[in-house]
Amino acid sequence: MKPARFEYFAPESRAEALELLAQHEEAKPLAGGQSLVPAMNFRLARPAVLVDLNRIADLAGITVDEGLRIGAMTRQVALERSADVAHLAPLVAEAMPHVAHAPIRNRGTVGGNLAHADPASELPAVMVALGARFRLQSSAGERWVPAEKFFLGLFATLLQPGELLVEIAIPAPAAPSGHAFTEVSRRHGDYALAGAAAAVRLNQHGECVDARVVLFGVADGPWLAVRANDLLLREKPDADRIAAAAESVRADVDPPSDIHASGSYRRHLAGVLTRRVLERAFSRVRVSA
Amino acid sequence: MIIEGAQVFAAAPDVVWNFLMDAEVLSRVMPGTRDLRQTGDGQYSGKMAVKIGPITAAEFVLAIHLSDMDRPRRYVMNVDANGKLGFTRGVARVTLVPEGAGTRMDYRADLQMGGKIASVGQRLLDLVSRTMLKNGMEALVAEVDRRVAEGSAS
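First to last, the sequence lines map onto chains A and H.
Following my numbering, the numbering of the first sequence begins with 43 at its first residue and continues without gaps.
Following my numbering, the numbering of the second sequence begins with 988 at its first residue and continues without gaps.
Hints were generated in silico from the structure; no laboratory data involved.
It is possible that some hints are incorrect.
Below, computed lysine to aspartate or glutamate pairings styled on EDC-like, alpha-carbon distance capped at 20 Å [stated by the list, open to error]:
1) K70(A) / E49(A)
2) K1121(H) / E49(A)
3) K1038(H) / E68(A)
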């Protein structure tokens, strides 16, 4: 279990890292190494060059400005324990304990998790539900992209060679809002068989003005339930409406099968989990409003 | 693992049939395939490099054998791919049916995978197969459209 040979760079600054990534087309950025390093040890991945981002201090940290700004190299554990995250992005705080296991969260980074784009990963779904925006930088410049455009499919993102995800911006919740997260896995910390994240908003009449339900583990990336949102908009979210939204998800997803769960079981889960997150998200709005 | 589906092409069955037998077309549309050559009647060999996310090192020696050919209606495609990281074997039954001025292709493939890739990546095999199939079908549709457009222009 040793990786194939590779060239290793440990730049001290962001500019230096971007320059190295521009020079070496075959380079892989190394963040927390919780997915890349095992893949290298199995020799499924043989990057010729690694650019280690761990010494670049200004890539990590959580700051508050209107919403949240999270550096891509922020450890997952920092997100889990941050009072600012609990206050301004409670959906993230609720999801974090489900992201792998504690030792992995100690080392794993937020940006690494997102850029890896595993189809069963929690954080991509949470970021899409929250309408987060990602800042991508390269030696040629930078761009901001919405989370829902960033994820292109199985381990595929908008990131171009030489481009680095450097920061995540999460808007502050516009009250009265609610959120909920849930997943089903065989053991806590395993890859989820299926999961759902929801962020909802009501107006002063108690009518839904926004309901973003995002499933994971049921497609090749985070799956935004567009039709569920349409079914809930401008309506009071009663049990019938929520059931209709859940049924639309059950009907629309086409989940994969593996030895742990069949596609049809995942489809069933997708409907049930959608109902649960919507019930909980809307009930939380009423509590806080 | 069973994968099945259908795809519609804007060309008649005998035209689509010829494309599907053409090593150059197959090489262009099968993801990661290179050096695909026809080695005999319905026999092809080449190499395939699968690149999905962190998996960048999966190289396979590819052998394709077509059998039960009933031009231009149906055939069976036997695929055998072997590499250091594992193997894939598959049998795909392909049927071409005229649909309007075009052709509908129905396919049903039974795939077996083994080795390191299959044991480490079991959870992802279905998605990987679907992704490769989707990319392959999109490329095939584009290639058929391109060749039909070229043919009608000349």
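| query | Among the hints numbered above, which are violated by the structure, and what are their numbers in rising order? | reply | 2
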